[in-house]
Amino acid sequence: MSEQKAGGEPAVSTPESGSSKVDQTPDGGAGRLREIFRSDHPAILTILAIFAAVVIGSILIIASDQATRTAAGYFTAAPMDTISAAWHAVSGAYVAIFEGSILNPSSLSSGNATTIFGPISETIVSATPLIFAGLSVTLAFRAGLFNIGAQGQILLAAIFAGYVGFSWHLPVVLHVIVAVLAGILGGALWAGLAGVLKAKTGAHEVITTIMLNYVALGLIQYLLGVHGFQAKPYNQAISPAVDHNAMYPHLLGSALRANVAFLVAIAATVAVAWLLNRSTFGFRLRTVGANQDAARTAGISISSVYIVVMLIVGALAGLAGSAQVLGTSPQVTSDIDAGVGFDAITVSLLGRGSPIGTFWAGMLFGALRAGSVQLLASTNTPSDLVQVLQALIVLFIAAPGLVRLIFRLRRSGGGQTAVVAKGWNG
Amino acid sequence: MSAPVTDEELVVHHKTVRVGPSRTRRTVVAIGLMVIGLFTALVLGTTGTQTDAKFGFDAGGAQVHVPTLSFAEAPFCFVVGALIVLAGIYHLVRGFTPVAMRWVGSGVGVLFLLAFLAWAGTGGKTVQFTSLLQQGLLLATPLVLGAMGGILCERSGVINVAIEGQMLAGAFAGALLGTVAGLFAGVIAAIVVGGLLGLLLAVFAIKFLVNQVILGVVLNVLALGLTGYLFDAIMANNSNGTNNPSFFDPAKIPLLGDIPVVGPVLFDQNYIVYAMYVIVIVIDVALIRTRWGLRTRAVGEHPQAADTVGINVLRLRYQNVVLGGCVAGLAGAFLTIGNVGSFSKNISSGQGFIALAAVIFGRWTPRGALGAALLFGFAGALQSVLSFVNPPLQINSNLLNMLPYVVTIFAVAGLVGRVRAPAADGEPYVKGSA
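Note that the protein sequences, when read in sequence, are chains A and B.
Quick note, this note's numbering runs 71 ahead of the 1-based positions in the first sequence.
Quick note, this note's numbering runs 8 ahead of the 1-based positions in the second sequence.
For reference, chain A alone in the conformation it holds in the complex (with noise of 0.2 Å):
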């Protein structure tokens, strides 16, 4: 992991920085590699994005750290103590991140299978909902549209998940995939709703899944407060447990809570792949994104690919919606999204509109989640770092211009993102 190697780089400067600025002969196998390096590969630029998150981050790291604002009180009389304390505090905070999401070290001298890969399991559970988001987030963006309300649908698949869940009882391996298409169905209701509003109406999607977020909160705070839905005594906003029926299976071990989810996720991640590249679909949702007036010429419905991109998109959401309540949580809450609604938009982003991608920046993004958790445990670090450096990366991915300027890249033409610059109106 990048954040790990490049943790006590306070200042912005790189290896390749100081070398002379062009090579004109590129020979033998250390000159193509340098090659590689000073291009704008995407590749080389998301790890190029990733470290200069991180360095930005040590700077915030610094600045709000106590013992290196002491020490530097007397910075002229011993230097050295100032950069120690700077480097302890941004190693132990990014050793925190590492060790809440891969691995902890001191857990292998155990031997204790279940502490040694806890972290990971952490990793994959967080990830999970992030995935399903992103996906969800991805499609849209290739059909032109943004859908802002993963919120909302994941908090409709949890009412629906939820509601299945803990108040049908069925047989084993049924419950839980009736408590999943459940869950997808009150996604892909809540984005349908927003692409019936878009196709017939022309009401924004912006505007229109945003407000459906509100609604959806509205609508499960409410819920939480009738009786039925509401766990007794009633005096808590929370339903009742899911049965465990319905909750995914785990997946290593009934000690760690990474669950069957994971494996739903990497075969939707398999399934949009191929729904927009190797699908008849896939193309006119393509199409439509990249020019409508092309696509209305070709005879693609517009209004009709808008509904059914919609209703997919929604069902990914509610996938996120139902690994949340039958996988970690599982009782539906008001908070049950836990930030994934919005998150989803920025792992989307980092993936640069492709499934593959997305499925990476959500594990990313996942483990940089279950890594906060140990950074608030261990550090004098405020977890919040996370959201900074989560926003940083997406920055810097968004920009490969400024990237290229930092780093002094060359360009090579490629390494586009995919979702073009495009407004309200189109």
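Derived by calculation from the structure, the hints in this document are not laboratory data.
The structure displayed is predicted, hence computed values, not measured ones.
Heads up, the beta-carbon is just placed ideally off N, CA and C, and yes, glycines get one too.
A portion of the hints provided could be inaccurate.
[What the hints assert, rightly or not] Pairwise CB distance ranges (calculated):
1. B/Val107 to A/Gln363: 48 to 58 Å
2. B/Gly379 to A/Ala134: 39 to 49 Å
3. A/Thr185 to B/Asn354: 26 to 36 Å
4. A/Gly299 to B/Asn354: 25 to 35 Å
5. A/Asp364 to B/Val211: 30 to 40 Å
6. A/His240 to B/Ala90: 50 to 60 Å
[Said to hold, decoys possible] Derived, one-sided and incomplete: chain B residues facing chain A with beta-carbon distance under 10 Å:
7. Ile39
8. Val43
9. Val169
10. Leu223
11. Asn228
12. Ile362
13. Ile368
14. Pro399
15. Leu407
16. Leu408
Go by the hints and put chain B onto chain A.
This is chain B only, laid out in the frame that chain A set:
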């Protein structure tokens, strides 16, 4: 050297052809109106308790006492309901023009609201009408300011989804500086920080050509993360020294503030509310009547043409986006030092998005956005007023919460329909590329 270009030479003559709404939409809207009318007459008119509805008009500070208005609720609802049904029938048969429809829509909204309040007021307690308006304006102020920030940005062709983030950052800076250096320093800090976020938006949108909706979303996350981080790092364990700014008290304007009803509502508010009046009026006038306004609109509609006649498109966009950020930052200041008196994580809680909705709802015009923002504000106040009266049928506050959003969806879908943003809104301008 070419001759200096005068504004007159920039005028492009448009011939606007107004196409009426489609037959189906007209029918749907008309039926909607009739349903609202029938509901008003038959449900509100009959389920009210038999006591009279009472409207109170006194609010703190007013010197002139206005007697409480008391009238029979049922006939009032019948008349209002009948009027709305008639409007629906007229729309079905003849059809209002889009412009008229906007007035009819607003009128029906107000009438329905009055009928609803009358119905709610039959429970024996007085509906405090003046304080409803007062509170509504208070709730609407950040929305109006946020929307004005959005309009400044978007009329010059840069989409501003980052209003939320600018407000949040402004709220944080306002609380911090307001505590450390005084309230006015807090306001300035909020404006500066909002402007800085605006600058960030401008640089990424204009120089690096980032998709502006994406950019806005990301800046919101950044502002949320940064303020949350700094809140934990600075404010959480020293709230007295860093997060205790108090807030502006209402400053009553002499004479104007004594006018019954209007006075307490409009002229007994704090400085930020007064600043909001000035900003709305200035933007509304400047956008249409000044050279800057004409250029802004030209750049937002057709940057190539504007460039051709010598307007510096990018510089104007930079200016407007930063200015918009400043106004949104002021909106943030209202959240902390205008009203509450302290910062908490995510204090803006989506109000920036509501402001954005107001911009679009109001068709990118200051007046329209003002109206939409006021609507949201009053809907919020309505809920707290209803919790003091004793309506014949208890309405769940969560469901009532949803009302403004549902109304927005209906309005965007039914009344506003296909809104037309400034033609170049969201499209980066690269000189010589088109």
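Now for the hints, and whether the structure bears them out:
{"no.": "1", "hint": "B/Val107 to A/Gln363: 48 to 58 Å", "in the structure": "violated (28 Å)"}
{"no.": "2", "hint": "B/Gly379 to A/Ala134: 39 to 49 Å", "in the structure": "holds (43 Å)"}
{"no.": "3", "hint": "A/Thr185 to B/Asn354: 26 to 36 Å", "in the structure": "holds (35 Å)"}
{"no.": "4", "hint": "A/Gly299 to B/Asn354: 25 to 35 Å", "in the structure": "holds (31 Å)"}
{"no.": "5", "hint": "A/Asp364 to B/Val211: 30 to 40 Å", "in the structure": "holds (31 Å)"}
{"no.": "6", "hint": "A/His240 to B/Ala90: 50 to 60 Å", "in the structure": "holds (52 Å)"}
{"no.": "7", "hint": "Ile39", "in the structure": "violated (15 Å)"}
{"no.": "8", "hint": "Val43", "in the structure": "violated (18 Å)"}
{"no.": "9", "hint": "Val169", "in the structure": "holds (8 Å)"}
{"no.": "10", "hint": "Leu223", "in the structure": "holds (7 Å)"}
{"no.": "11", "hint": "Asn228", "in the structure": "holds (8 Å)"}
{"no.": "12", "hint": "Ile362", "in the structure": "holds (8 Å)"}
{"no.": "13", "hint": "Ile368", "in the structure": "holds (5 Å)"}
{"no.": "14", "hint": "Pro399", "in the structure": "violated (17 Å)"}
{"no.": "15", "hint": "Leu407", "in the structure": "holds (5 Å)"}
{"no.": "16", "hint": "Leu408", "in the structure": "holds (8 Å)"}
When each numbered hint is compared with the structure, violations occur for hints 1, 7, 8, 14.
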